[in-house]
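45 is the number that numbering that gives the first Met the number 0 gives to position 46 of the sequence shown; each next residue is one higher, with no gaps.
Worth flagging that the hints you see were computed from the coordinates, not collected in a lab.
It cannot be assumed that every hint is accurate.
[What the hints assert, rightly or not] The list that follows gives simulated cross-link-like pairs (lysine to aspartate or glutamate, DMTMM-like), each with its CA atoms no further than 20 Å apart:
#1 K104 with D283
#2 K65 with D42
#3 K266 with D59
#4 K250 with D109
#5 K250 with D83
#6 K102 with E315
#7 K250 with E30
#8 K27 with D59
#9 K266 with D251
#10 K27 with D254
#11 K65 with D75
#12 K102 with E310
#13 K266 with D109
#14 K102 with D254
#15 K27 with D255
#16 K166 with E207
#17 K166 with D303
#18 K139 with E233
#19 K266 with E55
#20 K100 with D303
#21 K250 with E261
#22 K250 with D108
#23 K266 with D283
[Unchecked claim] Label-pair ranges, simulated between beta-carbon atoms:
#24 D131 with G68: 40 to 50 Å
#25 T146 with P81: 22 to 32 Å
#26 D131 with R54: 45 to 55 Å
#27 M234 with D255: 20 to 30 Å
#28 L50 with E134: 38 to 48 Å
#29 T271 with G26: 22 to 32 Å
In this text, a Cβ means the ideal position worked out from N, Cα and C, and glycines have one as well.
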Amino acid sequence: MNFRKLGTLTAVLLAAALPGAADEYPGKTIEVVTHAGNGGGTDVTTRMMMLRARRELGQDMVVVNKRGGGGTAAMDYYLGVPADGYTILAFTIGHAAELAKGKTKMNLDDIRPIARGTDDPQILMVRCGAYDSAEDFVAKQKQAPITYGTTHVGNIDDVSAFMFTVKGGMMTPKILPFDGGGELATQLVAGAVDAAVLNLAEAGSQIEAGDICPIVVLADQRMAALPDVSTAQEMGIPVSFSTVRGFVVHKDVPDDVAARIEEALLKAMNHTVYQGFLTTVGLDSSSVAGSDVWGGQISTMVTDMQAALKELGFIE
């Protein structure tokens, strides 16, 4: 018997039987870990992605909710699961903030990007008629501070308001936090705050009713849904923040498995079902991006959040 040939054959057979092998993956249910409760924005985005991704992968996919710590519980949990591609982590701007604060055991080097699912720019909104224009909105804040309503403290919303005013040479705003976007939109109409940091979907009904007007988009390019609203960049204010949601895996997931996941998720999110979902929340196909774009954005988010949080005094 040729033991060398037998050993080689055995090694090949064992490699083929491994769960991470390209021709075998996926061989069981795939879990997607989120930090959001049922019905939250990240939870809904994840489930919409999964509608078609499970078909593309030929396996069932289930959501695992790990709430707590603004995403730290989900990230710390994820560090303990096998790096075999059978567990995917939903990653958001909130996770980037917690990484920037050092509140999690996870480091940026522990993950590899797969695909982005939403890129929802932060929008500064005001009561319709309160300001003549975006330029007037900025000019008034150079004369006296205004009150911004947010739905987070020490996260993207107040960071967005603070950095917009700092980079634009305006006076430091007063921040008034609310429990959710719906309540904030209502209080903006009621006059409890002068401006609000919101996403398009959060104030959709009030915008349609003519009560709330988007005045500045904190993005590099104008939104297709708001073609007449200027960006901060256009006004010479270098600020760009988005509520982004995407997916990552362990850095040690085999390359072929990571590529298989990315291919499936991109096909799923470019399908008409997911694209229809994007339309309902005021977004478009540009939200979906692969690992190259998504990876660069994750790195930038963490760096920008760290710099902004230092200026805010949340970290040293």
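Hint check results:
A hinted pair counts as satisfied when its Cα atoms are at most 20 Å apart, and K104 with D283 does not qualify at roughly 34 Å. In summary, the hint linking K65 to D42 is supported, as the alpha carbons are separated by about 11 Å, within the 20 Å threshold. This hinted pair checks out: K266 and D59 have alpha carbons roughly 16 Å apart, not beyond 20 Å. Restraint check for K250 and D109: the C-alpha separation of about 5 Å stays at or below 20 Å, so the hint holds.
Taking the CA atoms of K250 and D83, the gap is about 10 Å. The hint holds against a cut of 20 Å. Between K102 and E315, the direct Cα distance comes to roughly 13 Å. Compliance with the 20 Å bound is thereby established for this hinted pair. Distance check on the hinted pair: K250 and E30 sit about 17 Å apart at the alpha-carbon level, within 20 Å; holds. For the hint pairing K27 with D59, the CA-to-CA distance comes to about 8 Å; that is within 20 Å, so the pair holds.
Of the supplied pair hints, the one linking K266 and D251 is violated, its CA atoms being roughly 23 Å apart against a limit of 20 Å. This hinted pair checks out: K27 and D254 have alpha carbons roughly 19 Å apart, not beyond 20 Å. Restraint check for K65 and D75: satisfied, since their Cα atoms lie roughly 10 Å apart, inside the 20 Å limit. A distance of roughly 18 Å separates the Cα atoms of K102 and E310; the hinted pair therefore holds under the 20 Å criterion.
The hinted pair formed by K266 and D109 fails the criterion: a straight-line CA distance of about 25 Å is larger than 20 Å. With a C-alpha separation of about 29 Å, the suggested pair K102 and D254 falls outside the 20 Å cut-off, and the hint is violated. With a CA separation close to 17 Å, the supplied pair K27 and D255 stays within the 20 Å bound. For the hint pairing K166 with E207, the CA-to-CA distance comes to about 31 Å; that exceeds 20 Å, so the pair is violated.
Between K166 and D303, the direct Cα distance comes to roughly 13 Å. Compliance with the 20 Å bound is thereby established for this hinted pair. Under the criterion of a C-alpha separation no larger than 20 Å, the hint pairing K139 with E233 is consistent with the structure, at around 18 Å. With a C-alpha separation of about 8 Å, the suggested pair K266 and E55 falls inside the 20 Å cut-off, and the hint holds. Between K100 and D303 the CA atoms are separated by roughly 12 Å; this keeps the pair inside 20 Å, and the hint holds.
In summary, the hint linking K250 to E261 is supported, as the alpha carbons are separated by about 14 Å, within the 20 Å threshold. A hinted pair counts as satisfied when its Cα atoms are at most 20 Å apart, and K250 with D108 qualifies at roughly 7 Å. With a C-alpha separation of about 15 Å, the suggested pairing of K266 with D283 holds against the 20 Å cut-off. D131 and G68 have their C-beta atoms about 43 Å apart, which keeps the hinted 40 to 50 Å range intact.
A beta carbon spacing of about 48 Å between T146 and P81 contradicts the range 22 to 32 Å that was offered as a hint. The hinted window of 45 to 55 Å between D131 and R54 holds, with their beta carbons roughly 51 Å apart. Remark: the range hint 20 to 30 Å for M234 to D255 is contradicted by a beta-carbon distance near 46 Å. Checking the proposed 38 to 48 Å range against L50 and E134 shows it holds: the Cβ atoms sit about 43 Å from each other.
Hint check: T271 to G26, Cβ distance near 29 Å, so the stated range 22 to 32 Å holds.
This entry does not satisfy hints 1, 9, 13, 14, 16, 25, 27, going by the numbered hints stated previously.
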